[in-house]
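Q: Mind docking chains E, P and F on chain H? Use the hints.
There are 4 protein chains.
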Amino acid sequence: MARGNARTVPTQDRAPTVQQSINKVGIEGLRTSIKVMRDGELFTYLSKIDILVDLSENKKGIHMSRLVESINESITLKAGRTKTSLETLGAEVLMELTRRHPFKSAEITISTTLVLERSTPISKRPTYESYDVVAKVTWSENTLRKYLETSVIGNTLCPHSLEVTGGKAHIQRCELKLGFDVKIDEDLLFEKLIEICELSFSSPTFTVLKTVDEAHLVEQMFANPMFVEDVSRHCLDRVLGLGIEGSVLIKATSFESIHKHDAVAEIRRHLKKNKSGSIDVL
Amino acid sequence: MARGNARTVPTQDRAPTVQQSINKVGIEGLRTSIKVMRDGELFTYLSKIDILVDLSENKKGIHMSRLVESINESITLKAGRTKTSLETLGAEVLMELTRRHPFKSAEITISTTLVLERSTPISKRPTYESYDVVAKVTWSENTLRKYLETSVIGNTLCPHSLEVTGGKAHIQRCELKLGFDVKIDEDLLFEKLIEICELSFSSPTFTVLKTVDEAHLVEQMFANPMFVEDVSRHCLDRVLGLGIEGSVLIKATSFESIHKHDAVAEIRRHLKKNKSGSIDVL
Amino acid sequence: MARGNARTVPTQDRAPTVQQSINKVGIEGLRTSIKVMRDGELFTYLSKIDILVDLSENKKGIHMSRLVESINESITLKAGRTKTSLETLGAEVLMELTRRHPFKSAEITISTTLVLERSTPISKRPTYESYDVVAKVTWSENTLRKYLETSVIGNTLCPHSLEVTGGKAHIQRCELKLGFDVKIDEDLLFEKLIEICELSFSSPTFTVLKTVDEAHLVEQMFANPMFVEDVSRHCLDRVLGLGIEGSVLIKATSFESIHKHDAVAEIRRHLKKNKSGSIDVL
Amino acid sequence: MARGNARTVPTQDRAPTVQQSINKVGIEGLRTSIKVMRDGELFTYLSKIDILVDLSENKKGIHMSRLVESINESITLKAGRTKTSLETLGAEVLMELTRRHPFKSAEITISTTLVLERSTPISKRPTYESYDVVAKVTWSENTLRKYLETSVIGNTLCPHSLEVTGGKAHIQRCELKLGFDVKIDEDLLFEKLIEICELSFSSPTFTVLKTVDEAHLVEQMFANPMFVEDVSRHCLDRVLGLGIEGSVLIKATSFESIHKHDAVAEIRRHLKKNKSGSIDVL
Numbered sequence: 006m007a008r009g010n011a012r013t014v015p016t017q018d019r020a021p022t023v024q025q026s027i028n029k030v031g032i033e034g035l036r037t038s039i040k041v042m043r044d045g046e047l048f049t050y051l052s053k054i055d056i057l058v059d060l061s062e063n064k065k066g067i068h069m070s071r072l073v074e075s076i077n078e079s080i081t082l083k084a085g086r087t088k089t090s091l092e093t094l095g096a097e098v099l100m101e102l103t104r105r106h107p108f109k110s111a112e113i114t115i116s117t118t119l120v121l122e123r124s125t126p127i128s129k130r131p132t133y134e135s136y137d138v139v140a141k142v143t144w145s146e147n148t149l150r151k152y153l154e155t156s157v158i159g160n161t162l163c164p165h166s167l168e169v170t171g172g173k174a175h176i177q178r179c180e181l182k183l184g185f186d187v188k189i190d191e192d193l194l195f196e197k198l199i200e201i202c203e204l205s206f207s208s209p210t211f212t213v214l215k216t217v218d219e220a221h222l223v224e225q226m227f228a229n230p231m232f233v234e235d236v237s238r239h240c241l242d243r244v245l246g247l248g249i250e251g252s253v254l255i256k257a258t259s260f261e262s263i264h265k266h267d268a269v270a271e272i273r274r275h276l277k278k279n280k281s282g283s284i285d286v287l
Numbered sequence: 006m007a008r009g010n011a012r013t014v015p016t017q018d019r020a021p022t023v024q025q026s027i028n029k030v031g032i033e034g035l036r037t038s039i040k041v042m043r044d045g046e047l048f049t050y051l052s053k054i055d056i057l058v059d060l061s062e063n064k065k066g067i068h069m070s071r072l073v074e075s076i077n078e079s080i081t082l083k084a085g086r087t088k089t090s091l092e093t094l095g096a097e098v099l100m101e102l103t104r105r106h107p108f109k110s111a112e113i114t115i116s117t118t119l120v121l122e123r124s125t126p127i128s129k130r131p132t133y134e135s136y137d138v139v140a141k142v143t144w145s146e147n148t149l150r151k152y153l154e155t156s157v158i159g160n161t162l163c164p165h166s167l168e169v170t171g172g173k174a175h176i177q178r179c180e181l182k183l184g185f186d187v188k189i190d191e192d193l194l195f196e197k198l199i200e201i202c203e204l205s206f207s208s209p210t211f212t213v214l215k216t217v218d219e220a221h222l223v224e225q226m227f228a229n230p231m232f233v234e235d236v237s238r239h240c241l242d243r244v245l246g247l248g249i250e251g252s253v254l255i256k257a258t259s260f261e262s263i264h265k266h267d268a269v270a271e272i273r274r275h276l277k278k279n280k281s282g283s284i285d286v287l
Numbered sequence: 006m007a008r009g010n011a012r013t014v015p016t017q018d019r020a021p022t023v024q025q026s027i028n029k030v031g032i033e034g035l036r037t038s039i040k041v042m043r044d045g046e047l048f049t050y051l052s053k054i055d056i057l058v059d060l061s062e063n064k065k066g067i068h069m070s071r072l073v074e075s076i077n078e079s080i081t082l083k084a085g086r087t088k089t090s091l092e093t094l095g096a097e098v099l100m101e102l103t104r105r106h107p108f109k110s111a112e113i114t115i116s117t118t119l120v121l122e123r124s125t126p127i128s129k130r131p132t133y134e135s136y137d138v139v140a141k142v143t144w145s146e147n148t149l150r151k152y153l154e155t156s157v158i159g160n161t162l163c164p165h166s167l168e169v170t171g172g173k174a175h176i177q178r179c180e181l182k183l184g185f186d187v188k189i190d191e192d193l194l195f196e197k198l199i200e201i202c203e204l205s206f207s208s209p210t211f212t213v214l215k216t217v218d219e220a221h222l223v224e225q226m227f228a229n230p231m232f233v234e235d236v237s238r239h240c241l242d243r244v245l246g247l248g249i250e251g252s253v254l255i256k257a258t259s260f261e262s263i264h265k266h267d268a269v270a271e272i273r274r275h276l277k278k279n280k281s282g283s284i285d286v287l
Numbered sequence: 006m007a008r009g010n011a012r013t014v015p016t017q018d019r020a021p022t023v024q025q026s027i028n029k030v031g032i033e034g035l036r037t038s039i040k041v042m043r044d045g046e047l048f049t050y051l052s053k054i055d056i057l058v059d060l061s062e063n064k065k066g067i068h069m070s071r072l073v074e075s076i077n078e079s080i081t082l083k084a085g086r087t088k089t090s091l092e093t094l095g096a097e098v099l100m101e102l103t104r105r106h107p108f109k110s111a112e113i114t115i116s117t118t119l120v121l122e123r124s125t126p127i128s129k130r131p132t133y134e135s136y137d138v139v140a141k142v143t144w145s146e147n148t149l150r151k152y153l154e155t156s157v158i159g160n161t162l163c164p165h166s167l168e169v170t171g172g173k174a175h176i177q178r179c180e181l182k183l184g185f186d187v188k189i190d191e192d193l194l195f196e197k198l199i200e201i202c203e204l205s206f207s208s209p210t211f212t213v214l215k216t217v218d219e220a221h222l223v224e225q226m227f228a229n230p231m232f233v234e235d236v237s238r239h240c241l242d243r244v245l246g247l248g249i250e251g252s253v254l255i256k257a258t259s260f261e262s263i264h265k266h267d268a269v270a271e272i273r274r275h276l277k278k279n280k281s282g283s284i285d286v287l
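For the record, the sequence lines run as chains H, E, P and F.
Numbering-wise (the numbering used here), the first sequence opens with residue 6 and increments by one.
Numbering-wise (the numbering used here), the second sequence opens with residue 6 and increments by one.
Numbering-wise (the numbering used here), the third sequence opens with residue 6 and increments by one.
Numbering-wise (the numbering used here), the fourth sequence opens with residue 6 and increments by one.
Hints were generated in silico from the structure; no laboratory data involved.
Hints may contain errors.
Given that identical chains are not distinguished, each listed pair holds provided it fits within a single copy or across any two copies.
Unchecked claim - Calculated pairs, DSBU-like style, for lysine-lysine (alpha carbon to alpha carbon, straight line, at most 30 angstroms):
#, residue 1, residue 2
1, K280, K215
2, K129, K280
3, K64, K215
4, K53, K278
5, K182, K129
6, K109, K64
7, K173, K109
8, K109, K141
9, K88, K265
10, K53, K182
11, K40, K88
12, K265, K173
13, K277, K129
14, K188, K109
15, K53, K215
16, K188, K278
17, K278, K173
18, K40, K277
19, K280, K88
20, K40, K182
21, K182, K278
22, K88, K173
23, K109, K88
24, K277, K188
Bound-form chain H, shown alone (with noise of 0.2 angstroms):
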């Protein structure tokens, strides 16, 4: 693009009008598609991309190409570059881009669905379960740190409508979204998290219930009521469980029956490693 004197410095290294910085800029909705090895076999995700870092208040723009170039460099499977998770590919990303734009924090959003192989709970059938997840990684202040999102649908069985009306209740699906920011390289995995909100709910759901699974997921919503509030409580309870530090994000969402709104409730939380190794809730 330089051809010349007028133009020795792109548009984008110039000075701008307003000389503030800015505390993030970049690209938002790029889709592609991610492979990711793990124990020996290929995982490909349609993914959600979004890319962003902070601009000094004397540059006019960043070079956003930049930006795409270090996600196709790393999301292409190279031999000998095997990333195990969506996260290390993250990581990785963040570093092809030290090496082509300068940044003082930056943050790489994927989200994508897993899809993972279960049985009905009583005719053991398969059958397969999908659940949004979002992992982003982010660079500041010369830290990596990664924040694994869930979102799991289940369901809930309303305590006080079940001991009102004598053992007859409203139910309804539920969402439930479970984030954990925490060190990049903690032991942490998408697994886990959906295993907890699997757990949270009156009942977890399952994509093929024959007659049988029907009968047990339903008698399993009525000796488990729960109020958005309990679900919520419930995935903290399991998340301090895990013993892990980092902040820690947590929503139900409950599509009422018997209302045209939803009932939600929402956590956030600071766990902090003390002295003796456990875990203080700030």
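A: The following block gives chains E, P and F in isolation, referenced to the frame of chain H:
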């Protein structure tokens, strides 16, 4: 715009390279505020409007600003020109458009939400319930027609699970969409369509519910188990009872509490008056 | 489920209260992972699936779990049963379903995103471009058909404003949707539909663009001004050139940069082969 | 509900199994119609409302119906209790709630759309422009604050491409979101935030545009090239000019016409009045 020989003909009115007619050209997603006067009371509807006309094979484009001007001319509540419904307003926009732009067929779709005052079933408290509605007016073969559609939130209690589990059952939020395409002067109100929908669920829903109301609704659900198939059929049955000619679209969507996916049932029928004055279902 | 006299007949198989047939019953929004083997390469598609069948007037409900089982039976990549496209997989699911559930008409809709490798126009760098696609297979009157649809992102440069403003013009992102309903064994690929769409804009779009590529695309836009009407017509013209029978749906949506609303053009045509082997447009 | 010894304490007021406080519990997605009287004119806003309170570690649940009743109590336009803005109405709902339910922190978020009358820039025709707005009122540490946010549609013309291509450039729709969290009695109007946004683009947008207006806007774009970074900085510069303390959030999103993804720039700042009365940026 015509400022000399070279541009005597506006770009839009020239011949296109590919001489094919276009079924629908126009604008989508125009949002504006609409005023309707009914029974002496003024209602204001924040709306999304789509307006589309056909285009002949020998014109390059339509004059889009004239579509918007026809809307603006009609939505302003002028003395002596009070509109009494969204659909009469839609018809007026199309009539205004005939004075501004040529077309053989045209349609305007107004999407908004009605908020109706209700009482809770037992405690008799005031509650405000919302219903998404669509009023579409079409002009084709020199005939105006209207299509009224409403989406109502209720619930389903699974009859199969009620039977198998001996009095327990899964329940979920259910949305019922009912659309009816009828003659422009047919005596049909959104309120009637909403009423039909609300009667087709295991129970209706309310925004405010005190404990006695909630207990009442739960009892009603258990007394009234329904598959999503039942919801759509009961809705059709009540539409037939109106004795009105036209095309009906019914779609019930149940946001399953035991699955991650939705269960749906869709019915389409053409209703025609026979010689004896009753309705034939085609 | 049939555990005694009282329940010899499952709830679903009993007579409904309102004895009306239902056009489409089934499930929507099932998300799963689909594997397709093409030209020796394995592709994995994270997909959303809808599957629907008709229901006769004398059955209360369908057996929904059998729909999901038909999907699960087919998506698993078994030895010797490799599927080569989404639509052959869809057809297989419907055939599997005939062995499990009665129906007169059925349809399965698989929605996913293709990610294709491209090169940037001038700098020839690798870039990955994403395209939303829908593969729908229908069974009706003992005939299988397929409907392939793709949505492609390009842009429009307004010809009217280019002329009036003397070489300047407004430009915006444009989405072009092209759907084609054809015989199940018609030789039609998503890649061909995508190519047609990309050639119908003022210019195509790319995920990576270096300065020379960007300059090239901007020049291409100004050399190729197009109304949203032009985009839809050019697309139709290229579809006619395929010489294939079927029903075509084209919709161009321009996210106007001078308006808050969108401009759209929609064309529907039935294409039929005549005796001389060429295509008649109906 | 308390109808005897066994149920003296409502379910919600009992101790939960997991004794953790919850940051936010309540309802989301309640839709209703809100009336505001301003300068003698009555405005009706179809709105979506979220209302949330904290819950202490020793209560199992909140009483959700009381949240809705507080809304219903306040939205009714009673004589002598006229509200003059969405945010004073939000504050009134929270004050009403203090009489019905205990909480330490609470928030209500009202989302709606303003439709303002404008004139087209040259032809001076009337046009109605829509702006999504959010009015949020928070109660925390015995202090009420308000957060006003607006989203405005404009456009960006790329300065880099304008320079490289010699007078040609790509243009696209751009959305600018501006939110400002300030003291409850701060003199700040949505109209002022909208004005700031509209001045921060390459050009504003209008619903009606005659040819002379369109030409004027296109000239304005080319005279005013802007990266998405420039849009966010110019917006911040104008917010600083207001001389108001508070926390500002700015996010510009450019729906790129040469890419399938979006370009974004986000700025967050805390503005604090210093001793000399001018604003320090933190």
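Q: Of the hints given before, which are not true for this structure?
A: The structure conflicts with hints 1, 2, 4, 7, 13, 17, 18, 19 and 22, although it agrees with all the remaining ones.
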